[in-house]
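Novice: Letter by letter, the chains look like this.
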Amino acid sequence: MTHPASLVLFDRVSKRFGDGPPVLSDISLVARPGEFISFIGPSGCGKSTMLRLIAGLTGVSGGSLSVDGGTPEQAGSELAFIFQEPTLLPWLQVADNVEVPQKLRGVPPAQRAASRSAALALVGLSGREAAYPRQLSGGQQMRVSIARALTLTPKILLLDEPFGALDEMTRERLQEELLAIRAQQAWTAFFVTHSVAEAVFLSSRIFVMSAQPGRLRAEIKVPLPYPRTAETRLSRDYQDLVVEVSQQLRAVKTAA
Amino acid sequence: MSRPSLLSVMVAMLAGVLFLALWTMVHYSLSEDYKFLLPTPLAVLQALLHNAPALARATGNTVEGALLGFSLALAFGGLSALVLSLSPLMRAGLTPYLMMLQLTPIPVLAPLFVLWVGPGLKSVALITLLVCFFPLVVNTAQGLVSTDRRLVELFQMYRASRWQEIWRLRVPAALPYFFAGLRIAAILAPIGAVIGDFSSGSSAGDGGGLGFQALIYSSQARYPELFAVVMLTALLGFLFMGVVMVLSRLALSHWHDSYAQRDG
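Chains W and H are the protein sequences, given in the same order. Count the first sequence with this note's numbering and you get residues 1 to 256, in order. Count the second sequence with this note's numbering and you get residues 1 to 264, in order.
Please note: incorrect hints may appear among the correct ones.
[As the list claims (entries may be wrong)] Chain W is faced by these chain H residues, among others (derived, beta-carbon under 8 Å): (1) 183; (2) 254; (3) 255.
[As the list claims (entries may be wrong)] FRET-style restraints, in silico, Cβ to Cβ: (4) W:62 - H:167: 56 to 64 Å; (5) W:165 - H:246: 35 to 43 Å; (6) W:129 - H:23: 38 to 46 Å; (7) W:44 - H:259: 35 to 43 Å; (8) H:75 - W:18: 39 to 47 Å; (9) H:108 - W:20: 47 to 55 Å.
Rather than coming from a laboratory, the hints here were simulated on the basis of the structure. All figures in this text were calculated on a predicted structure; none of them were measured in a lab. Backbone N, C-alpha and C fix where the C-beta goes; we use that ideal spot for every residue, glycine too.
Required output: the full structure, derived from the provided sequences and hints.
Specialist: This is the structure:
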């Protein structure tokens, strides 16, 4: 199978941990550059494992997975991961936290500082360079985490329920900011979430997953045009899509 | 771990005054024949002043031994903790020997040290090292392996090398544990030096430390002087502890939760 335009290619991928039951089974998926793909499904459907496979944090048990034409391990420098928690180093100031990935890569200081300033400006935290993580709110910490992921100008951004722990207001604002940043940078996103509204607002494609073992059960395209703003949430098309994805998700849950 | 308030200082001072008063009362309640068992605080203070030169020299020697042993423990303890943190196999293989070091009574080892490096400062330092080593290693090693799993994953994600993971992540994350061990070691260092002095102190050359001085006073039944030695040893412990607390505050207060401001 050749897909010249594919950035991430799952070909009948399965995954199990040790001798345990399969976590993922028969996953086939072609992601093209520029897509925003969300995985939604009940707990234990393996949606986080999908991201960890792409990131090369764990390997496939069967089938094949290629990222940017190579193995996930080879694609390391093209990837950035935004975790559920901000995962900041508490002993470093915001500036140093944002520079961690570049330091690990051996990027020279002048270049580090430039990307750091640009990334902090993107998330609206210029001027907070000297703050320590514990002096920031949960939303601000997540912004620092996003800025840190953007410093390496990744081709692929993996987001594992990054806004799950935030209040609704902050959550919606960060979703809008994330899309605004995406308009300026050309990364492809894989997003894991429990929230149907969040998936519809952000994604160009949504995969509804079922559990035990995790499978891709339904694929829903989201044709809403970008840029999407707060107004998008009020549109009829958006609300219809939320209903559709909710129904698919309920079908998966009752079947289980 | 917040700064002591004026109120807490006053409470501590009041407790001290009450303690001294109680001590004095006990002395005067004893019959004449037994008053020597507990000299008054004033008598202890007089003994301290009368023997100032001898006690000052002994204190200096003990501080020297304690500092040397403490520094050696810091160096070897930190290094051993790093080695232990490298793999579970390393921990399983080496922990029994660490335990053995800790489980061997000092009085049994002391004659050996005297045999190997001679009496006096060197032996005292070695015994102090032995006393301080264990809490430092155990705490620091625990800290090095307790790094937040999510942060470790972040470093893996960015393909950090083993050394980057150790120096940029595990070592700074272990600092609070390290300082917890260091505080215990700081309290134990003067005690270790005094105990070391008991068994391997020497009147030759340096004239011995507080432990050796205690042996002399004890054999001469000079109990007020003996109490003065007790006071000085406790004071040294406070001093060592205080320095470590200040260092700990400098290293941790800007980021670690143990120094977080609380209301009320």
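Novice: If a hint holds in the structure, say so; if it does not, say that too.
Specialist: Hints, one by one, checked against the model:
The closest approach between the C-beta of residue 183 of chain H and any C-beta of chain W is roughly 19 Å, which is over the 8 Å cut-off, so the hint fails. For residue 254 of chain H, the shortest C-beta to C-beta distance to chain W is roughly 6 Å, which falls under 8 Å, so the interface hint holds. Restraint check, residue 255 of chain H versus chain W: the minimum CB separation of about 5 Å is within 8 Å; hint holds. One distance hint, 56 to 64 Å for the beta-carbon pair residue 62 of chain W and residue 167 of chain H, is violated here, with the actual separation near 38 Å.
As the Cβ distance of residue 165 of chain W to residue 246 of chain H is approximately 36 Å, the hint placing it in 35 to 43 Å holds. At roughly 56 Å, the beta-carbon separation of residue 129 of chain W and residue 23 of chain H lies outside the given 38 to 46 Å, and the hint is violated. At about 39 Å, the CB distance of residue 44 of chain W to residue 259 of chain H agrees with the hint of 35 to 43 Å. Distance hint check: the CB atoms of residue 75 of chain H and residue 18 of chain W are about 41 Å apart, consistent with the given range 39 to 47 Å.
Checked against the hint of 47 to 55 Å, the pair residue 108 of chain H and residue 20 of chain W passes, with Cβ atoms roughly 51 Å apart.
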